[in-house]
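Enquirer: Each chain, written out:
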Amino acid sequence: MSQHLLNAIVLGSIYTLFALGLTLSWGVLNVLNLAHGAIFVAGGLTAYVITKDSALSLWVVLPAALIVSGLLAVALEVVAYRPLRKRVGDVHAAELPMLIASVGAAFMLTGIGTRITGNQPVGIPDGVFHVSSHDIAGLRITNLEILIIVVALALSIGLAVFVRRSRHGRALRALAQDPYTCGLLGISPERMAIATMFVSGALAGVAGVLLTMQQSAIEAHSWEPLLLKGFAVIVLGAVGSVWGAIIAAYLLAVAEIGTVVYISGSLRDGVAFALILVLLLFRPQGLFTRTAWQRS
Amino acid sequence: MFDWFDSNEALIQSALALSILGFSVQLALRAGVFSLAGVGFWAIGGYSVANLVGDGWSTPLAIAVTVAATLLPALGLALILRRLRALYLAMATFAFVLIVQIVALNWDSVTGGPVGLFAIPVTVSTLGLTLVVIACAAGTYIWERGRHGRIMESLREDEQLASSLGVDVARERVKVFVVSAGLGTLSGALNALMFNTLTADQAGFGLITTVLMVIVLGGTGAWWGPLAGAFIVTWLPEVLRFADDYREVIQGAIVLLVVVYAPEGVVGAVRALRRLLRNPLRKPLTLKEAAE
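Chains as they are written, first to last, in numbering that gives the first Met the number 0: chain A, 0 to 295; chain B, 0 to 291.
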């Protein structure tokens with residue numbers, strides 16, 4: 000029982016890292032970034048490429064993947080989202096073209112990923128991080144799982160505190176409310192958008208490396224089911240809410256592991272969809288939101 | 000002409016089937032309904048007719064029953080999602096497509112699981128398909144000219160204004176969603192009965208990309224947009240044959256660049272050209288001006 004709970008916490012940590020970026024770009028920039036999954040895979044593949052021929056430590060690999068994924072997200076902002084926002088003018092009218100652009104980007108990145116991997120699952124060599132198993136209070140846990148939990152909690156709680164407390168966090172929330180007034184107050188919406196996309200991509204990149212190590216393989220298409228989970232987390236935790244996303248990610252993981260253990264493994268991916276539908280039916284504003292939902 | 004037709008018949012068929020899916024998604028988008036559910040219904044329609052025809056049903060009956068039968072779940076889904084707007088609806092319908100694919104991968108007795116269905120009887124002719132496409136195009140043409148066209152326009156531009164003018168917004172949106180789902184089903188059904196195989200891979204993210212490419216390249220401005228888009232998208236891999244392994248990359252890049260820099264697609268380009276021909280002394284309009 001508690002072993003299952005532990006597995007759920009590890010899974011939830013990955014979901015947290017993945018979904019935070021998705022909810023952030025939506026909440027702040029009104030972008031449903033369907034390329035987020037491909038950017039996540041790019042993190043894993045970066046790790047694969049740089050460790051293929053040279054022995055590097057995880058403390059080099061992780062920042063490298065973080066930067067590559069973050070820059071990919073920034074590139075998407077600069078090439079597609081910013082020109083679109085400028086041309087269309089109205090934030091909401093730009094939503095559809097931005098979504099389509101992100102689909103194009105996802106297809107493109109997946110195509111590149113397929114070339115890199117030769118359409119095979121690829122992994123990161125053991126030398127990067129020695130996985131060892133420990134017994135703690137009767138639970139089996141690997142040092143990799145501890146690392147995943149610690150990294151996820153540190154980054155997500157750090158982000159939550161940053162958004163709520165810091166000056167930049169306040170600017171970020173102001174941008175989500177009203178980009179125009181932000182401009183008047185001397186906050187550059189363009190610079191904030193780039194920063195937001197970088198953080199969003201960077202979190203996905205870290206998640207990509209960690210999941211690749213945890214499952215010992217990644218494929219160019221690995222992100223498709225994960226995107227579904229990301230959606231479920233967003234709906235559950237309310238768009239743009241960092242704390243909501245963190246709690247929702249762990250709840251989803253518990254629900255999923257519970258389904259696999261007590262009902263059937265084949266229903267695993269159905270849980271996320273069922274949650275999305277039920278939530279949309281009965282509580283479309285998400286579980287943890289206090290304000291009225293306006294956009295949906 | 001006939002030689003060309005013979006050697007390209009398979010491409011023409013896929014373009015025609017794809018154009019119906021294009022009509023499905025274009026219809027929704029033009030009414031401001033961000034629904035990709037047509038792609039999910041494409042798969043449902045395909046699996047359904049493949050099984051029915053395999054059981055000995057006649058083709059028109061199988062297609063008619065399938066389309067009619069999926070209208071009910073489509074209505075159910077529309078009612079569940081009726082409060083959702085914009086990105087929320089896009090996300091929910093995207094999730095629907097992914098879940099249809101997951102079901103297709105696991106429901107072996109109906110879908111053949113990961114291997115897919117093979118040896119589906121090929122019972123739809125190019126002529127029959129062309130007639131269906133003409134019917135869809137004519138339907139869209141009539142729809143966009145009349146009262147419905149204006150209602151859809153008003154829904155897309157400003158829902159509050161539409162409802163103040165007496166348009167029952169919720170009802171119209173549900174209607175659009177269901178018709179879009181029906182067209183998706185029809186497209187999938189015809190596709191399955193023309194190419195004799197159907198696998199779960201065909202119905203996922205790749206198809207969403209393809210249909211969005213159809214919409215983006217064709218343009219949403221006119222009824223013939225999906226038709227033009229479908230033919231371009233179908234021939235693109237042939238044209239890009241030199242790019243070989245990087246075809247996907249280039250296709251993705253085209254979607255991205257067209258939607259950002261030439262958002263009116265072929266419809267916009269043709270309109271700009273027409274204006275230019277009509278009034279050659281004026282300096283050529285940019286696509287953006289043509290749109291206005």
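Careful, some of the hints might be misleading.
[As the list claims (entries may be wrong)] In silico SDA-like cross-links for lysine to any residue, where the CA-CA straight-line distance does not exceed 25 angstroms:
(1) A:85 - A:189
(2) B:174 - B:164
(3) B:174 - A:280
(4) A:85 - B:85
(5) B:174 - A:189
(6) A:85 - B:136
(7) B:174 - B:136
[As the list claims (entries may be wrong)] Between beta-carbon pairs, the in silico distance windows are:
(8) B:113 - A:133: 35 to 41 angstroms
(9) A:157 - B:260: 34 to 40 angstroms
(10) B:112 - A:139: 30 to 36 angstroms
(11) A:85 - B:149: 26 to 32 angstroms
(12) B:113 - A:130: 53 to 59 angstroms
(13) A:139 - B:241: 50 to 56 angstroms
(14) A:263 - B:205: 23 to 29 angstroms
Please keep in mind that the hints were generated in silico from the structure rather than gathered at the bench.
The structure displayed is predicted, hence computed values, not measured ones.
Glycine included, C-beta positions come from ideal geometry on N, C-alpha and C.
Enquirer: Which numbered hints turn out to be false for this structure?
Expert: Violated hints: 5, 6, 12; rest satisfied.
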